[in-house]
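Protein chains in written order, with the working numbering: chain U, 11 to 416; chain C, 29 to 259.
Think of the hints as simulated: they come from the structure by calculation, not from any bench.
Careful: at least some of the hints might be erroneous.
[Said to hold, decoys possible] Once the Cα atoms are required to be at most 25 Å apart in a straight line, the calculated DSS-like pairs of lysine-lysine come out as: (1) 49(C) <-> 122(C); (2) 257(C) <-> 403(U); (3) 403(U) <-> 203(U); (4) 114(C) <-> 36(C); (5) 165(C) <-> 403(U); (6) 36(C) <-> 403(U); (7) 165(C) <-> 154(C); (8) 146(U) <-> 60(U); (9) 122(C) <-> 36(C).
[Said to hold, decoys possible] Stretch-level coverage of chain C by chain U, calculated; a stretch enters the list once three of its residues show a Cβ under 8 Å from a Cβ in chain U: (10) 42–53; (11) 143–149; (12) 211–220; (13) 226–239.
[Stated by the list, open to error] Residues from chain U that keep clear of chain C, each with C-beta distances beyond 10 Å, as calculated: (14) 33; (15) 59; (16) 125; (17) 157; (18) 203; (19) 244; (20) 260; (21) 268; (22) 289; (23) 351; (24) 402.
Yeah, the Cβ is synthetic: ideal placement off N, Cα and C, and Gly gets one too.
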Amino acid sequence: MKLLNILLSAFRALIRNKLRTLLTMLGMIIGVGAVIIMLAIGEGAQNAVKESINSLGSNILILMPGSFNQGGVHMGAGTRSSLTEDDINAIARECPSVKYITPVVTTGGQIVYGNMNWATRTMGVNDQYLDIRQWKMGSGDFFTDQDVKGGAKVCILGQTVVDNLFGDGTDPIEQTIRIRNKPFRVVGVLSKKGQNSEGQDQDDVILAPYTTVQKRLSFNQWIGQAMISCVSADGINSATKEITEVLRMRHKTLPQDPDDFTIRNQADIASMRNQTNETMTILLACIAGVSLLVGGIGIMNIMLVSVTERTREIGIRMSVGAKGSDILTQFLIEALVLSLFGGTIGIILGISGSKILTKAFEWQTYITTFSVMLSFGFSIVIGIFFGWYPARKAAMLDPIDALRYE
Amino acid sequence: MSDNNGRKKVIEISHVTKVYKLGDEVDVHALRGVSLDIYQGEFIAIMGASGSGKSTFMNILGCLDKPTKGNYMLDGIDVGSLSRDKLAEIRNKKLGFVFQGFNLLSRTSAIENTELPLFYCSISQKRRKEKALDALKRVGLGERINHYPNQLSGGQQQRVAIARSLVNDPTIILADEPTGNLDSRTSVEVMGIFQELNNQGITIVLVTHEPDIADFTKRHVIFKDGKIKSD
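If we strip away everything but chain U, and leave its shape as in the complex, we get:
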């Protein structure tokens, strides 16, 4: 019996019992759909992490002063004042793996423009900050090296700040705002960057030259943090080594003493976060896999019923010369058609389901070819696995008994 004929008769047999076929396929549809959606969510979450890392800038290191240690009580990274402007300049000068470096001096405070006011972070940075963060200007210009050296009272606004202070549509550029009562001239507005991976609004920020922030706002000559961009991803390790060397030498740290600073590598944090995500994805996929298994058992159940119901048909076919293998193929193909159709509909459902989730809950979902291939492959495997037993049962029937079956 040629394959095409078997295929046709399989379709005919399935169409004969439309409702049953549909209900059987439903198991596969839900299973495959769930696998696709779960993998899409997992992949989407990983992508979100990846994006938020990229939004921070690429190949970034964060340099922080060491922890303050008072009577054996460690106060946590950054509590100690040990980083100076000179340290930053030395790193920029002496570390070949460092591409950009900026001090980051953060302070809070109320911002006032006209009768509007807003509380936000003011970050003191140098002119390399945008390159490190890979951030673009929305309008206007960033302050220059000159502004940083001269401690100019200029600032750049994030979009959220603009929305809150200039809600009436005034162009903020060349306007003067007051940060903690000190007047600053707005020279530029940042483009919108959105939330970072922790859900913090990155646009709710004001940037100003760090020199100005130190002198006018925080009155603190120490550098709270530095952000470093390495020449390449491979440069992260060498940069870490170079910075450590430079700082230990400059701080005259004895060889047996620990570093008085911390270098944090964003890739480490990211991979840790990705691991959690991966665990989540595997868990979700397992749950979806169970529903796929249940779908498969549904197929086996229906195929067994079908074999019993069509015993006479099997007898007739055998009496006119069907071999056991012909009958086996026929029922196996039926199971396979069931699972493949169910699988295909499931894939379509999964893809559209992921799209709906993205629309409705703004979850990031991402459908990979891998997940589609995986669920399609699973459909085939399940069709063969769960179709085999009923098909074999049919093939082993005795033609005389089968013909006599009522």
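Here the structure of chain U is known, so what remains is to put chain C in place on it, guided by the hints.
Showing chain C alone in chain U's frame:
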């Protein structure tokens, strides 16, 4: 392989026995040494009361069952020693079946039912259609090829079944009480078809317990208690 009239011997059964084991110790002897030769072009009625072994004999004749002992030569092939798959092939190529209950596939048209044996051998789709149509014409159903079994009368359904048994040009047609489910007028009609096919040279073996049906045939073999009582 041929008798003195020059006719070919298509079936040669010698000393066939069939024992069914029911449980551990109870043996049912369905056939107790049956020998029968059938020649090309014969039209034979096999008769006997129920339990006489005629159904068992037909199953063996139809390669659906194997004898416990004895030899069965079909068209020169020793059928007794063949595997399940080989027997299926023999049924496909050399035998045609007509059953009491018609045994057509439901929700399958007359022509597709007729084609069924040809699905299991390599033959082109076009040739298959031609042969099926030809077989249906031979039983006088050339007009109703696309009807489903439930749209046909009993007599018409049995004619489709006969067409199906004919379609693979079998050596022999085995009919197991083909008129059992038909009224007497339709029975006569169906027997008429069998007679006509026999006149065209086809060998037919028919099981019946009705003497008037047996009268359509040329040779009567009567079974009793697993043996041939008269031939």
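Going through the hints against the structure:
no., hint, verdict
1, 49(C) <-> 122(C), "violated (30 Å)"
2, 257(C) <-> 403(U), "violated (40 Å)"
3, 403(U) <-> 203(U), "violated (63 Å)"
4, 114(C) <-> 36(C), "holds (23 Å)"
5, 165(C) <-> 403(U), "violated (37 Å)"
6, 36(C) <-> 403(U), "violated (40 Å)"
7, 165(C) <-> 154(C), "holds (17 Å)"
8, 146(U) <-> 60(U), "holds (19 Å)"
9, 122(C) <-> 36(C), "holds (15 Å)"
10, 42–53, "violated (count 0)"
11, 143–149, "holds (count 5)"
12, 211–220, "violated (count 0)"
13, 226–239, "violated (count 0)"
14, 33, "holds (20 Å)"
15, 59, "holds (56 Å)"
16, 125, "holds (82 Å)"
17, 157, "holds (85 Å)"
18, 203, "holds (65 Å)"
19, 244, "holds (64 Å)"
20, 260, "holds (88 Å)"
21, 268, "holds (80 Å)"
22, 289, "holds (52 Å)"
23, 351, "holds (20 Å)"
24, 402, "holds (14 Å)"
Violated hints for the displayed structure, listed by number in ascending order: 1, 2, 3, 5, 6, 10, 12 and 13.
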